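What follows is the residue order along each chain.
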Amino acid sequence: MNFLAIVSAAMPQLLYGARLTIWFSIAAIILATILGLIFALFKLSSIQLLRKIGEVYVHIFRGLPLLVEIFYIYFALPMVLPMHRWFDPYFAPVAGVIALALNEGAYITEIIRAGILSVDRGQTEAALSIGMNGFQTMRFIVLPQAFKRMIPPLVNQFIQTIKDTSLLSAISLSELTRQGQIVISTTFASLQIWTAVAAIYLAVILSLTALSSYMERRLQIDKR
Amino acid sequence: MRKWPVLIVVLIMGLVLAGCGNSGGKTAGTSTGGNEAGKQEVIKVAADTTFPPFEMEVNGKVTGFDIDLINAIAAKENLKVQMQTMDFQGLIPALQTDTVDVAVAGITITPQRAQMVNFSNPYYHSGLSILVKKDSNIKGVSDLKGKTVAVKLGTTGDIMMSKMPGVNVKRFNNIDDAYNELQNGGAQAVLFDNPVNQNYINTGHNNVKVVGGLLTGEDYGIAVTKQKPELLKKINDGLARLMASGEYEQLYRKYFKSDDSGLIKK
Numbered sequence: 001m002n003f004l005a006i007v008s009a010a011m012p013q014l015l016y017g018a019r020l021t022i023w024f025s026i027a028a029i030i031l032a033t034i035l036g037l038i039f040a041l042f043k044l045s046s047i048q049l050l051r052k053i054g055e056v057y058v059h060i061f062r063g064l065p066l067l068v069e070i071f072y073i074y075f076a077l078p079m080v081l082p083m084h085r086w087f088d089p090y091f092a093p094v095a096g097v098i099a100l101a102l103n104e105g106a107y108i109t110e111i112i113r114a115g116i117l118s119v120d121r122g123q124t125e126a127a128l129s130i131g132m133n134g135f136q137t138m139r140f141i142v143l144p145q146a147f148k149r150m151i152p153p154l155v156n157q158f159i160q161t162i163k164d165t166s167l168l169s170a171i172s173l174s175e176l177t178r179q180g181q182i183v184i185s186t187t188f189a190s191l192q193i194w195t196a197v198a199a200i201y202l203a204v205i206l207s208l209t210a211l212s213s214y215m216e217r218r219l220q221i222d223k224r
Numbered sequence: 001m002r003k004w005p006v007l008i009v010v011l012i013m014g015l016v017l018a019g020c021g022n023s024g025g026k027t028a029g030t031s032t033g034g035n036e037a038g039k040q041e042v043i044k045v046a047a048d049t050t051f052p053p054f055e056m057e058v059n060g061k062v063t064g065f066d067i068d069l070i071n072a073i074a075a076k077e078n079l080k081v082q083m084q085t086m087d088f089q090g091l092i093p094a095l096q097t098d099t100v101d102v103a104v105a106g107i108t109i110t111p112q113r114a115q116m117v118n119f120s121n122p123y124y125h126s127g128l129s130i131l132v133k134k135d136s137n138i139k140g141v142s143d144l145k146g147k148t149v150a151v152k153l154g155t156t157g158d159i160m161m162s163k164m165p166g167v168n169v170k171r172f173n174n175i176d177d178a179y180n181e182l183q184n185g186g187a188q189a190v191l192f193d194n195p196v197n198q199n200y201i202n203t204g205h206n207n208v209k210v211v212g213g214l215l216t217g218e219d220y221g222i223a224v225t226k227q228k229p230e231l232l233k234k235i236n237d238g239l240a241r242l243m244a245s246g247e248y249e250q251l252y253r254k255y256f257k258s259d260d261s262g263l264i265k266k
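These protein sequence lines are chains A and B, in that order.
Per my numbering, residue 1 is the first one in the first sequence, and the count goes up by one each step.
Per my numbering, residue 1 is the first one in the second sequence, and the count goes up by one each step.
Treat the hints with care, as some may be off.
Selected chain B positions facing chain A (Cβ under 10 Å, derived; list incomplete) [unchecked claim]:
1) 112
2) 135
3) 137
4) 155
5) 162
6) 168
7) 170
8) 171
9) 173
10) 185
11) 187
12) 204
13) 206
14) 210
Please keep in mind that the hints were generated in silico from the structure rather than gathered at the bench.
The structure presented is a predicted model; accordingly, all values stated were derived computationally and were not measured.
All C-beta atoms in this analysis are idealised placements derived from N, C-alpha and C, irrespective of residue type, glycine included.
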C-alpha cells in the first residue's frame, strides 16, 4: 500500500523527532514543576516581598503567548547578550526548554497553590498546635494531601507542555512537528505524514494519560 | 436520568450548527467564484510575503515583482485575483488540494515540484548564493563543511544543504529568522536565493556580504494547480503577451533596475 510505504520510509526521521519531543517535554516538565513549587510557596508566604515576586512571575509568563516568549529568548535576548557565543551549540534547545519551563511553570504555580489551599485549614492548625513549624507542616502534612488533588490538573498541564513543544519548530529545533514538515517539503505527502505525526503524538500523550490513571488508582487505595 | 435527553439534544444541535457553518462557507466560496457568462474568472492566488523584492508586505498591502506580474497577467487574461498569504512550505500542498489555484513566491522550477504542480514558463532567472558576515573566512560552498547554515524550510537552499554532508542545517519558517540567526551568531552563513540576499544587503545591512558567486542556476515559475490545466495555458499566454509588448521588461526594471542577471530574454 502506498500509504504504508510512504510512512515507513519517513518513520526513522519522525521517530527521531519524537525522541527530541519527549526529551524537551521531560526537561521542561521537571523544570516547570520545580519553578511552580517555588513560586507557589512564595505566593503563600507571609513575607510580602516573596508574595510580590510570585505574583509578578505568574503575571508575566502567563500573560504572554508561549510563541512570543520563545521568540523573545531566542531572537531578542541575543541582540543584547552574546548568547550564541556562550551557549552554542546548545543555545537553541536550552532557550526552548527554558521558555517552555517558564511559561508552564506559571500555570503550575497556580495549580499547586490551589491544591495547597484546598487542604482543610484544620490540618495546618493541628500540625502547628502539636509543635511543628511552618516547613514541617508543609512538608509532612499539607503537601502530601495537596498532591493527590493536584494530579488531574497537573497531568493536564504536562500534556499541554508536550503539545507546546511543537512551537519549538519556530526556532529550528527538529522535534516531531518540524520533522513532519521537513519530510513533506520534499515528498509533498501531506495526508500520510501528518496522519503519522498525529498518531505518534497521540501515542505519547495517551501513554502519559495511562500512567496518570494508574497513579491515581494507587493513591486512592492508599489514602482511604 | 433526565439529563441524557438534554445532552443528546445539545449534541445534535451542535453538530447541526457545525454542519450549517461548513456548507454556508462553501456556498459563499462558490458564489464569489461564479462563472456566469461575461463575468471574470476568479483565481485564488497565494503568496508568501517574506521574499523581497518579489513579494513583501508594506503597510498591510502585499506588493512586489511577483505580485505585480500576476496582476498584470490577470489583467491581460481577464482574470480576477483573490490574494491570500501563506507560509512557503504550505504553498504546494495548497495547490495539490486546489485550496488555491495559483502560487507565486519566487518558486524555483524543479522536477520534484513539477510532479505535484504545473509551472508556467520561467519569468526570472535566479541562483543561490551564500551570505556571511563581513569578517567571515568562508569563501565558497566547500567552506560550509562543519559550519552551521541557516536556511528557509522547503526552499532549494534547504534541499541543497540537506544533501551536503557535514553541514549543520538550521531550518526556519521565514528567511528573516534565518538572517537574524546569522546576525546573532547562531549560524555562520545563510544559503538563499541571490536576489533576496542582495536586497537584504541593500536595505541597510552592510555588515554582511555574498561570497562564492551564484552556486546554481534556477528559474522561477508561477505554480498552478494540476486540476486546472486551462488556467496554466492562460497564464503562459498572458506572460508571453507581457514579454512581447515590453511590459515584462518594464516591470522588471522597476524592481531590478539595470541588473540584467534575472531577465528572461527571448
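Results of checking the hints against the structure:
1. At a threshold of 10 Å, the smallest CB-CB gap from residue 112 of chain B to chain A is about 7 Å, leaving the interface hint in force.
2. Violation of the interface hint for residue 135 of chain B is found here, the shortest Cβ-Cβ separation to chain A being roughly 14 Å, above the 10 Å cut-off.
3. Violation of the interface hint for residue 137 of chain B is found here, the shortest Cβ-Cβ separation to chain A being roughly 17 Å, above the 10 Å cut-off.
4. The restraint placing residue 155 of chain B at the interface with chain A holds, with a minimum CB-CB distance near 9 Å, inside the 10 Å limit.
5. Interface hint status for residue 162 of chain B: upheld, as the beta-carbon distance to the closest one in chain A is roughly 8 Å, under 10 Å.
6. Against a cut-off of 10 Å between C-beta atoms, the interface hint on residue 168 of chain B holds, since the closest Cβ of chain A lies about 7 Å away.
7. Look at residue 170 of chain B: its Cβ gets to within about 4 Å of chain A, closer than 10 Å, so that hint holds up.
8. Evaluation of the residue 171 of chain B hint against chain A yields a held restraint, the C-beta minimum of about 5 Å falling below 10 Å.
9. This hint holds: residue 173 of chain B has a C-beta 6 Å from the nearest C-beta of chain A, less than the 10 Å allowed.
10. Using the Cβ-Cβ criterion of 10 Å, the hint placing residue 185 of chain B at the interface with chain A is satisfied: the shortest such distance is roughly 4 Å.
11. The interface hint given for residue 187 of chain B holds, since its Cβ lies 9 Å from the closest Cβ of chain A, which is under the 10 Å cut-off.
12. At a threshold of 10 Å, the smallest CB-CB gap from residue 204 of chain B to chain A is about 15 Å, leaving the interface hint violated.
13. Using the Cβ-Cβ criterion of 10 Å, the hint placing residue 206 of chain B at the interface with chain A is not satisfied: the shortest such distance is roughly 17 Å.
14. Here the hint on residue 210 of chain B is broken, as its CB sits about 22 Å from the closest CB of chain A, past 10 Å.
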